[in-house]
Amino acid sequence: MGSPTTTISGFVGHVRRLLYGHEARRAIAWLVVTTLVLALVLPAAGLTFGNSRAISLAILSIGGLAFVLAIVGAIVFGRVVPRKNYRRDRDLARWIGDRAAPVASDLLSAVELADAPARPGAPSNELVEALVASTEHRLAGIDPEALIPRKELRPPVRLAVGLALIHIVALAAIPHLVGLGWRSLVIAPPTPFDGAQLSAVPLVGDLEATLVFPSYARRPVLRMPSSSGDVRGLPGTAVTLRAHVLVPAQAVELVIESTTAATEKTIPAKLDGSELHAEFTIEHSARYRFAITTPTGSRAIESTPRAIEAEPDQAPTVELVVPSEPLDVSNLRRVELAYVIEDDFSVVSAELVWEAGKDHGKKPLAVTPGSGRVQGKFLWDIAEVQVPSGGDVRYWIEAKDNHVGLATTIEPTTLGPNIGRSREYHLRVISPRERHEETLGKQQEVAEKLVKNLGGRLVLAQADDQAPRDDLAKALREAITMLGTIGAAYEKDPHASDALRKALATMRDRLDKLAVIEQKLAPKKVAATRSTYAGIDPRTIAELEDDTIILADWLDRERLEGLLDVSDEIAAHQKRLHDLLAEYARTKDPRVLDEIEREMRALDREYAELDKHRQGMAEDVLDQYVHKDALTAQAGGSCIDEVRRLVRAGKPTEAQQKLESCQQQHDRSAASLDGSLAQLRGDKFSDEQKKLDEVMNELADVAKDQDDIAAESNRIFEAYAEKADEVAKEHRREASKKVTALIDKLRKRLAGINESGLTPFAKEELDIVERRLADVEHMVADGDLAEGLGMAHQAKQSLDTIAGELEAALNDDPKSKFADATQDALDGIEKSRPVAKELIDLLQSLSPRPDQIMSADDQRALERLRRREAMNKDRAKKLADRTKQLGGELPGDAGAELGKRLGSAIDQMGQADDRMKGKDPSGARESTRAAADALAKARDRARSAARQAQEGAVGDEPIKIPGADEYRAPERFREDVLEAMKKKGGVGPDGYDEMIKRYYEELVK
Amino acid sequence: MSTMRAVLAVLVLLVATQVADARRDRTVAGDVIKAARFLNAAQLDGAREVLADLEKRAPDTAEVKWLRAELAFQTGDYAGAIKLLDKLPDDAVDGMVGSTRHLAASSLGVTETFVEQKSPKGHFTIRYAPGPDATIAELAGEVLDAAWEQIGEDLGQKPVDPIRVELLGAPADLAKLSPLTETEIETTGTIALSKYNKLMVVSPRATIFGYPWMDTLAHEYTHLVVSRVSHDTVPVWLQEGLARFEQTRWRRPPEVVLSASEQALLAAGLKKGRLITFDEMHPSMAKLPSQEAAALAYAEVYTLVGWMQQKVGYKGLRETLIAQRDGKSARRAVAEAMNLAWPAVEKEWRTHLKAGDVKRAVRTSPIKFGKGGQDSENVGLEAVNAKAKKHARLGGMLRARGMLEASAIEYDKALAAAGGVEPFVAGKLARTLVELGKFDRAIELATPLAASDDHDAVAAVTLGMARTARHEWPEAIAAYEQALRVSPFDPTTRCGLAEAYRETKDPRATRERSACDELKH
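Top line first, the protein sequences correspond to chains X and P. FYI, in this note's numbering the residues of the first sequence are 4 to 1008. FYI, in this note's numbering the residues of the second sequence are 56 to 576.
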């Protein structure tokens, strides 16, 4: 009871101390919060408004005031106010009573009574003591600590922790910004331009800038007198400024400020009297001002800066034109690609780049050095791309400009050229041959099924068991279904012939009928006996026997054709390798070596493929039809190994020679294989081969005759050419003399024409006349009288055009103020036209016709040859008709191909006939030779067409960009067309009408 | 052989000219020619002797180095030959250096992995690639030893130095080791050569059905002996006649056995009076106008040699060779041996032919080389009658797929369609029937086939299998041995023979068992 903790005064005193401490902690916590808030807000404000020192100071002051107020607040609320509120026990007892309700009244009463002065009616001491005692007793059960509201501390502490975390994050993440914020508040920014006085008016005048561009730009020096001072140039451009200072100056300097960074550079100018001279190099876009130090030492700087604009060197723009997107090609086709590359300065190099899986490659393109625009077409040989059939290839063009870059002190720029890249395109490498072989594999599966079915039925026909028969019937139906699938696959297969399709389709129909009959015969419930199928079994077996043989024959033939297809591919690769070796021998370009290596690898693969094909063939077919000569995969591979060895030893010429021997060896092998195929067809498809042989024999006769005709035509031409040359030599001097005199006369007449009377068009046309006359002189001097005559005709034609134009002008406006002059000009033209006519007559007289030159014997020979050509043409026509009639009876595509090629040869023969009629030995020679070539091609192509060899897969014909040829008309042609269109009615030069029409059609397109 | 002679004749002239040009000692030049002649005439001992002297007097001349290299090459030291020609240009000795170097290099390339085995009596060194050829090396040695003995008796020379025999894996190897091309080898059916003092023989494993390789070894060995005896002076036509006549001497008495086509050619030639005269055969059979004429010529000389042997025995034949060695022409030598004027020789020989005094005719079939295609049962089908071909082909297709019963049905249909003898089909059917366990019919079909063509290994093996199944051991052995002479790499032959030898207690059973095991694995 007497314990001090339980006395009221002791209890209250204890609580007071605790309460004072609590309030002090609360005030400190809020002070910390306030401080942390200020520590965040102030640098942020500094960053935002720190450019102005005044604002910075204001922010700092506000911040400082807020901090002071926070401290004051903390003192007031943490110390002063609690002491004022709880100094008296009564107030504290009341506060305690609020928190310990059961003792509230007694405690307050006890405190008040204990301290109360004596007064009448006051309770007795005993009663008070009893109350005190009772209250103390009850206070003993109350923990003073529990009365303190600790919760009040949580909000400021949490806030403080949160803010502290924000600070940590900010310091870790953006320490420079935080620092910058504080610095901009605390540290005064340096005075701009070292305190120089800003001048609102320019400090220099008569400014002249000279720009020397970097060498790669190939631009001339640019002098800009009376310049504003703003300069624009490529990085690296040297700028020289000359000006007069407009105020007294002791020193002048250029202050260059970066537009992107807060940096500046000062360049001193040389001052000579009032004239200054300064130099700098453009590194990037910036501003500059002139700063002047006056003789008194004061400094002034222009307030308005002048601009330095760094002109960016753009990467080249590349446009790639392709036949289609995506593009499907076989791995031996060539694709035509076109490109247009433009650069603001110069394109240095360009290359086609491709990627196919892990393989990638580049092909350099032709670029004219120093040109800002490059365009061209090229053929891309897909053989360069090492990608299996079905593989996807991405390709594009990359171009480099002549940019060399500049490493600057202020900011680095990219060193080296800019690279421009076209859109990316795709192509899929497909091989019709490989697709065909896949189908062939399925055909082999059907063949196996049919053989097994036959074997099963041969044995089954002697038994009564129904279950195996059901199995065989099911297997047969499966084979029939497969035949349908294969037929569909062959529909669009260029390597499959109509005869094969037909054979499979009819086989399917026959087997299907038998299968249906067999199905109908199958008893539903009772067991079948051998007699049930006695009628159908022999038919089915006979059919299966025939079909097995038919399929086997076709497989043998197709596989042999497959060998030849691979052989064709080898020939194509060898040809390409030969071209590459020639190119390498000529250029020694190491990039060509890479292509050579790639080509040799491709050949290795092809030889392996050839070997694989051989191994896939039946030994009896190889034995019977394929001569050892035809199986040269190993020898071919060894031959290419030798070529490879020579290439690597740096002997391209020897490698070429070796390759030629490899090619000859391969040609022999291919010819032998071709013979093997013909022999196999003769044995197993004798009708087809017999007809082909007949046609080919007749073709050989026609071709032989045509060769003879071409040779005779050549002889006649040679004789004519020799005589023509003699005649030209005899006439040249005389012709030149006469023609020059006439041309002089004509020129004098033309010179006398009143130019003021000419319309603008007539003036242009007159220029053409002058040019043509110069051409006539030139041609005659060369002895080419025929060409000179053509030029004279054109000159005369132009004079006629001018006359028409002038007459029309007079008719249109007879009262024109130019009418008299026009009439004078027309008179002048009229005087000139007879001279032009005279020139033509002279040239005609000097250019004898072939029939005037050729001997009588040769003329008769030409006539005989014409009759012979006509007869051969008839034979060729009959052969074409026969080929057409036979059509599908010939193997493969031989019929169609022969028809096409013979048609071309017949056209040439017709032309030859016309030329011979016209006594034109040159044209006759050309046409007879062309006809002979067409027939030779017909023979070659018919052989390969007989096995559906795909010309595109190995031929030279590339995949072209539609319309690309017309797009780039020859320059001369365009000139002529434009000249022609100026003429009345848009009539073009002779013979150009059709071309003009097509040209305009293309333009419209 | 004539090609080699021509080349060496040119060489001799050139060597003489070049040595003279180099103003070297005349005696040296003469000895160079002499050594070259010895080498040309396969007289290596003579060549060695002259060369030993030359090496002392002019060791550094290109000609002497080439002669040493050529000698090394002809004695089988290919690497040594290449080394000896080191630093000499290819065009030296008029290109002979390049030619020898090339031949030595390709020979080394083909044979450097070869192992060698002596023949049982040590007269031959058999060189072959490790592997299956080991199974015929011993057999080859036995055959050649027998031939050495018999042909040596017949022709009067038994070489004392071991003769090298190279068994080659493919015709392509023969092309590398000789002046022949692969195509020439295939076209002419050349399978072996006696050249460069050795025998080169393509192993039967390079062919599909085998070929009479044992007789071929003996045939080529005969060429070598004739060359040595005559110092390589015998013309090709007589060489071929002798070799053909002697090739079977290792296993049987002298006998002329013509093929059916040869008999037909001879009969037609006699009837029309169009036999090839021996003058026409001179100087080379290759000059004859057609292959048919060449075949007829070969048949003629074969019968001529057979007839001579009948008339004057081997003694007469030996005298013919010696006379040629001593410089007489073949015609003169033959006439002298026969003790007749040459026209009389021709006349009597024709009379002999007309009398038909030829033992018998046999079927022959061309050698089929493997071309690396898929196994097929139809190789040789082209010989089948057109009517029977379809069913024969189907039979082969079914047989290849293991459908033996069905295959036999188709082969039967083929035989019926042919309406007569069809050896290819009968052979295939017989084999199929054996595999189906139908031995009686198989024997019935195969026996006449094997009898009419002792090169038909298919029929012989079939017969062996059927006889074995019936435990008729002596007949089985006869059949298998016939097959062995043609197709020694067929495991059926070797295993069947092993079993038959074992049953008859023949000591060769061990050899055959070993070959059987080797070939089966």
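Honestly, I wouldn't trust all of these hints.
To be verified - Computed cross-link-like contacts, DSS-like style, restricted to lysine-lysine with a CA-CA straight-line distance of at most 30 Å:
(1) P:468 - X:455
(2) X:881 - X:834
(3) P:445 - X:687
(4) X:445 - P:445
(5) X:693 - P:445
(6) P:231 - X:694
(7) X:455 - P:231
(8) P:231 - X:687
(9) P:231 - X:505
(10) X:654 - P:575
Everything labelled a hint here was simulated from the structure, so no lab data went into it.
Going through the hints against the structure:
1. Annotation: proposed proximity of residue 468 of chain P to residue 455 of chain X holds, straight-line Cα distance about 18 Å (limit 30 Å).
2. For the hint linking residue 881 of chain X to residue 834 of chain X, the alpha-carbon distance of about 59 Å lies beyond 30 Å, and the restraint is violated.
3. Between residue 445 of chain P and residue 687 of chain X the CA atoms are separated by roughly 11 Å; this keeps the pair inside 30 Å, and the hint holds.
4. Distance check on the hinted pair: residue 445 of chain X and residue 445 of chain P sit about 23 Å apart at the alpha-carbon level, within 30 Å; holds.
5. The straight-line distance between the Cα atoms of residue 693 of chain X and residue 445 of chain P is roughly 21 Å, inside the 30 Å bound, and the hint therefore holds.
6. Restraint check for residue 231 of chain P and residue 694 of chain X: not satisfied, since their Cα atoms lie roughly 42 Å apart, outside the 30 Å limit.
7. With a C-alpha separation of about 44 Å, the suggested pairing of residue 455 of chain X with residue 231 of chain P is violated against the 30 Å cut-off.
8. At roughly 36 Å between alpha-carbon atoms, residue 231 of chain P and residue 687 of chain X are farther apart than 30 Å, so this suggested pair is violated.
9. With a CA separation close to 48 Å, the supplied pair residue 231 of chain P and residue 505 of chain X exceeds the 30 Å bound.
10. Taken as a hint, the residue 654 of chain X and residue 575 of chain P pair is broken in the structure, with Cα atoms around 50 Å apart against an allowance of 30 Å.
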